[in-house]
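Student: When you get a sec, could you build the whole thing from the sequences and use the hints?
Residue numbers (this note's numbering), protein chains in the order written: chain E, 88 to 298; chain G, 88 to 298.
Keep in mind the hints are simulated off the structure, nothing from the lab.
Careful: at least some of the hints might be erroneous.
To be verified - Covered by chain E, according to a simulated footprint, are these stretches of chain G (three or more residues, beta-carbon under 8 Å):
hint : segment
1    : 106 to 119
2    : 129 to 142
3    : 161 to 170
4    : 192 to 205
5    : 290 to 297
If you're wondering where the values come from, they're calculated on a predicted model, not measured in any experiment.
For every residue, glycine included, the Cβ atom is placed at its ideal position computed from N, Cα and C.
There are 2 protein chains.
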Amino acid sequence: MQEIINADSVPDVVVQRLPLYVRVLSHFASAGIEVISSEQLGAHLQMTPAQIRKDLSYFGRFGKQGRGYDVGNLAVRLRSILGLDSQWNAVLIGVGRLGRAVVSYPGFEPEGFRIVAVFDADERLVGHEVGSMRVQKLTELEQTVTERDIKIGIVTVPAMYAQEVINQLVRAGVKAILNYAPIPPVVPPDVRVQGVDPVLALQSMTFYLKN
Amino acid sequence: MQEIINADSVPDVVVQRLPLYVRVLSHFASAGIEVISSEQLGAHLQMTPAQIRKDLSYFGRFGKQGRGYDVGNLAVRLRSILGLDSQWNAVLIGVGRLGRAVVSYPGFEPEGFRIVAVFDADERLVGHEVGSMRVQKLTELEQTVTERDIKIGIVTVPAMYAQEVINQLVRAGVKAILNYAPIPPVVPPDVRVQGVDPVLALQSMTFYLKN
Chain E
88 MQEIINADSV PDVVVQRLPL YVRVLSHFAS AGIEVISSEQ LGAHLQMTPA QIRKDLSYFG
148 RFGKQGRGYD VGNLAVRLRS ILGLDSQWNA VLIGVGRLGR AVVSYPGFEP EGFRIVAVFD
208 ADERLVGHEV GSMRVQKLTE LEQTVTERDI KIGIVTVPAM YAQEVINQLV RAGVKAILNY
268 APIPPVVPPD VRVQGVDPVL ALQSMTFYLK N
Chain G
88 MQEIINADSV PDVVVQRLPL YVRVLSHFAS AGIEVISSEQ LGAHLQMTPA QIRKDLSYFG
148 RFGKQGRGYD VGNLAVRLRS ILGLDSQWNA VLIGVGRLGR AVVSYPGFEP EGFRIVAVFD
208 ADERLVGHEV GSMRVQKLTE LEQTVTERDI KIGIVTVPAM YAQEVINQLV RAGVKAILNY
268 APIPPVVPPD VRVQGVDPVL ALQSMTFYLK N
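Tutor: What follows is the structure, encoded as structure tokens:
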């Protein structure tokens, strides 16, 4: 099933929540639950049933009036809409301590994300092995991205180098960037960036601890 | 300066953005820039000047008409509002590979976050040293949280144990949880949770790669 959605018609916050829906649905499916109401889904996602119904309405009609959602079917449809039924190749830049931890992170592969090439600006690291890949130099980035059909870049360089590395990824044609560096980068409108930053997450919670 | 804000009066998305403001302002300050316009701030945060002004308006009057914001002053005020001028003690539960990487992450301490105690449900790990702390058993959690004035819990256990561990943190009195487990946990309304999950971040970007 290939469903193509007009991405501009869906609010960004809804897209951000979809992977959580998929998680919760997989959870119910593996517990043997076949049908779920928007109330039950809402309770697990800390949302109201009305929000759930509104979110899902962007992608078509899923529920049956008074009956709820078919867990398996909804999970398959959402996975297809999110592109999670495909394999996605990623390139990682920056093989310091953080980069090596990310390369060895076991959570990517089962979800269809595969780091297929690693790069570093430091000449002394080029040629070394990280996660059974040979560290490449950045001048090879564009060719590797094209040849290996890489759509995702993972940035694990220090903050001061992050914007320049992200510029290089953008020039190489990467359209989605997972940024571990603690800076909000500037990218063209057709490139998506998601930050992974535990300190930012902590800092937005201390507001509530204090106030 | 102790500024107490009514947390309910500020939208959650604004609070989420404040740490980014602080980052960008520190960046400008260290570059020797003393005054900044909402246009310049907006360009670095990929927001409109009007959004910037609206966000900051929740916390008082900062800018001078036609002159912009005083970088140093705004940074200090926002840090105070966010509670970043304090030291926050945290407890970590789950000292497997991920937990050990988080304990040794160098980004927390400079920002005022300190992991002061580590726990694991696995009896075989109790008593071992991780990051120069002795791994404690979970029955000691409540006492440790109280005695050491711990407000933040960091969860690095496998998904299947995460909800139970989060329940224990909530019972022990922790009000802010940084959750590395790939589940959206259920917590009481007075407890904040932020997830750190690179797979979720990737999954919301593949939607845009595909559609």
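Student: Look at each hint and say if it fits the structure.
Tutor: These are the hints, each one checked on the structure:
With a cut-off of 8 Å between beta carbons, the segment 106 to 119 of chain G has 6 residues touching chain E; three or more are needed, and the interface restraint holds. Counting residues of the segment 129 to 142 of chain G whose C-beta lies closer than 8 Å to any C-beta of chain E gives 4; at least three are required, and the coverage claim holds. A stretch counts as covered by a chain when three or more of its residues have a beta carbon under 8 Å from one of that chain; for the segment 161 to 170 of chain G and chain E the count is 3, and the coverage holds. Requiring three or more residues with a Cβ within less than 8 Å of a Cβ of chain E, the coverage given for the segment 192 to 205 of chain G holds, as 5 such residues are present.
Three residues within the 8 Å Cβ limit are the bar, and the segment 290 to 297 of chain G against chain E gives 8, so the coverage statement holds.
This entry satisfies every hint, going by the numbered hints stated previously.
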